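Chemist: In case you want the letters, here they are:
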Amino acid sequence: MVSIIKFKMIKHFLSSIILISSVNFFSQKNEGIAIYKAKTSHTFDNIEKENEREVLNKIFENSGKESSINFKLFFKNEKSVFFVEKALKRESKKIDFVSIKAKIIGKIYVDLITKEIVQHREKFGEVFNINSNLNDHEWILTKETIKIGNYTCYKAILKNKGNKKNETIAWYSPKLPYNIGPLGYCGLPGLVIVLKDDVFIYTLKKISFNLSKQDEKIVIKPNVGKEVSVSEYDSIYKIMRKRKDRLEKENYMRN
Amino acid sequence: MKKILLVLVYVFATGTTFMNANSSKKEVIKLSTTKTMEVFDEFSCIIGFNRDDKARVSAFVDNIETTVTEENVFSLNEISETELIEEILKLNNSSEDIVSLKCCLAKQWIKRELRKISDQDELIDEIGDAVYAICEVARDLGWID
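For the record, the sequence lines run as chains V and H. Okay, so the first sequence: first residue is 1 according to the numbering used here, each after it adds one. Okay, so the second sequence: first residue is 1001 according to the numbering used here, each after it adds one.
Source of the hints: derived by calculation from the structure; they are not laboratory data. Keep in mind it's a predicted model, so treat the numbers as computed, not measured. One thing to keep in mind: the hints can contain errors.
Said to hold, decoys possible - Not the full set, but computed from the structure, chain V residues with beta-carbon under 7 Å of chain H:
(1) Ile95
(2) Ile104
(3) Lys164
(4) Val199
(5) Ile201
Claimed, not checked - For each label pair, taking beta carbons as the anchor points, the in silico distance ranges come out as:
(6) V:Ile35 / H:Glu1113: 30 to 36 Å
(7) H:Ile1117 / V:Pro177: 30 to 36 Å
(8) V:Lys76 / H:Glu1113: 39 to 45 Å
(9) H:Ile1117 / V:Lys161: 17 to 23 Å
(10) H:Ala1133 / V:Asn46: 22 to 28 Å
(11) H:Ile1117 / V:Val230: 18 to 24 Å
(12) H:Asp1121 / V:Glu216: 30 to 36 Å
(13) H:Ala1133 / V:Leu141: 40 to 46 Å
Here a beta-carbon is modelled for each residue, glycine too, at the ideal position from N, C-alpha and C.
So that you can see chain V by itself, here it is in the shape it has in the complex:
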């Protein structure tokens, strides 16, 4: 009888230890930094005319080659911020798609609880907070898997709303239980390891599970800037772009 009681006590004790240590384990892991690298998903190899293909290869950075730019995803509990690390000066004079993309991303804040996605960025001398919702990202989960490093990744396809030319595909790993990913693509049952959109492929290169006090300050919702929806921003962009083109034209003619 005594031995049974002892056994039960030890069992409870061990269970408690395992539970406490697993809580600690996950609470420690619920913050960190994921670093992604990007490259273009298209090459110019399928351009039929040889001279056109040659020109493109001469003026653009080698397509399909990974850029040195770091895309960082800071996360703490249910909040995350995706942004581009200040890039070192490039040696190449060629046009690099990834550098241009990096210039226009700004910071993308995601709150999984409130389901907010806010892209904070500057354009035409004005600061915008472009608001969208997590529910805008509807994923089709598939059973297709690939092994990336130590992780078995599952394929998810973003539901195509509005006749997009190419589908957005994410490979996520349930072993990393963070429902986030690059560019605000989130809501999957695991961290996005690879994201492929119509032009780029973003691949997770490194993940650490610590945020310094300084890093924590980055994971906050942007509070300065003009609040707009994605469609409002698109309209503003089109108008401002036309205005910019017209002003450049006028300047040219004045000179």
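With the hints as your guide, set chain H onto chain V.
Modeler: Just chain H now, with coordinates in the frame of chain V:
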């Protein structure tokens, strides 16, 4: 030196590419104001390089239309859109403008190609601007004629 070579190769290749690309397609342009203006609209930035206003270009195109005779209409129909624009520009503009036209065509061509694969308008605009900027540097340095 590497940069100079790169730009020279680019400029040479671009010039040949665009002229060949258009002529090889054998797209025949009908000499009508509407069609010609469509071409101008498509490559809208050349209006600015023309150092002229749109009305003047339009009047000029109208003038071509009225001065075309049966004798020369055939040869005009044979030339490509790009060549037609160049011919029009040559009459009113300096060689600098013609070079700007080439840069503009390069920019528009890249943008058109990228639009076939992507919906990222802002990215495409930025890439187009970058292509034009490289070409402009070459023009300012006198590497393109």
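Chemist: For each hint given before, does the structure comply? Return the numbers of the non-compliant ones in rising order.
Modeler: The structure conflicts with hint 5 only, although it agrees with all the remaining ones.
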